[in-house]
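All chains should be modelled from the sequences, with the hints used to inform the complete structure.
Chains B and F, in that order, give the protein sequences. Under this note's numbering, the first sequence has 6 at position 6, and the numbering climbs by one with no breaks. For any residue, its number in this note's numbering is found by taking its place in the second sequence, counting from 1, and adding 1000.
Derived by calculation from the structure, the hints in this document are not laboratory data. If a hint is listed, it holds; no wrong ones were tucked in.
Distance ranges between label pairs, derived from CB positions: (1) B:20 with F:1038: 24 to 34 Å; (2) F:1179 with B:47: 30 to 40 Å; (3) B:20 with F:1014: 39 to 49 Å.
Facing chain F, from chain B, some residues (calculated, C-beta under 7 Å): (4) 7; (5) 10; (6) 11; (7) 14; (8) 18; (9) 21; (10) 22; (11) 24; (12) 25; (13) 26; (14) 29; (15) 30.
Just so you know, these numbers come straight off a predicted model, no measurement behind them. All C-beta atoms in this analysis are idealised placements derived from N, C-alpha and C, irrespective of residue type, glycine included.
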Amino acid sequence: MKQTRAVEFGTGLFILFGILALFFLATQTTNFQYVSGNAYQVTAVFQNIGGLKVRAPVSMAGVKIGRVTAIDLDPQRLEAVVTISIDQKYDKLPKDTAASILTAGLLGEQYVGLSPGASSEYLQDGDRIQFTQSAIILEHLIGQFVAGMGSSGSSEK
Amino acid sequence: MALLRYLRYSVQDFIETFGASQLFLARLLAYSPRTLVRPRLVIHQIYSVGAGAVVLIAFSGFFVGLVMALQSYQSLSKFGATGEVGTLLALALFRELGPVITALLFVGRSGTQLASEIGLMRATDQISGMQMMAVDPIRRIIVPRFLAGAISLPLLAMIFSAIGILGGYILVVPYLGVDPGAFWGQMRANVALVNDILNGFFKAIIFGGVVTMIALFEGYNAWPTAEGVGRATTRTVVISSITIFALDYILTAFMYRGI
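The structure is reproduced here in structure tokens:
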């Protein structure tokens, strides 16, 4: 009987330990609290989103306040429609907030940066962000730079 | 000519053994739900197969975490990206190293135990004795062990990963001077619950079932001699190890197709 109790105790301890480890990994090493919780959705239209991906962070003043939940192509205007989910905590964003696609570091991931406007009205669920700035594409920049060099060189002659 | 005949027989033998093992697996799965209703037998097996392996798994996980952290720190410090050590450690452990190394250790520790235990039961006619008394040995001794393996391995893999990360943290943060905020923050930003942790958990469940099935199958069909038990144990380790690596590739290819 004592033997059986010890076996059951050991088994219970082992399973508890295993589940605890799973719980530790799930809560401490992932940002899953971001997915849950209340959030509201706004959309923004960009001409070019570069390498932006679904689940990319959305930040304002460097603070992460939400993430990209969907990316679609508007079939009529042929522009990218990015759906952004913002934490309900931050529901006082001015209506004329601007969205731009930025890159973290030189080779880092792309994210959506919001910069606040001055309107006294606030963004609400389902709103569309009016002012957007597309991603900066390195190839385009280099192309412009090379073209600029060529034209300035020819004008000197 | 003799070579051809040998080849033919060995191919035929392989296909026969494979078919027999699949029928064996089907029987195990068919009896599993009924055995879970009376869990006493399973609990005893989880104790001997799973709880007995915790110390081995914990130590291995700790040192794997240390060595992974040290190696990745040395490479990442060249780019000034030492904050990424946590991410690298976590993703490697959750996706691959946790399930695979745990499964290999589990084969060495518990798979061999099961194969020799069942093989010796076969050699000493305990299994025929049960059949004589109208007790189904599959239901009485095989299925509880199978379930115990499939339940224990994912839990062991989680313990392995958790202790590996803590080991890496202990080395990298106080001794190598990585910022603890960067360590956890980068990890949290890049590890996904479903994609990384639950996929690894799922992998470990499959490894647990397959590895335990192989050990039980080899033990159950062992030659009833001392040599036969030894051969069954060896075959368990060889077949399980190959299966783990092959299956790991297949599962990874399916799970991370879109990423």
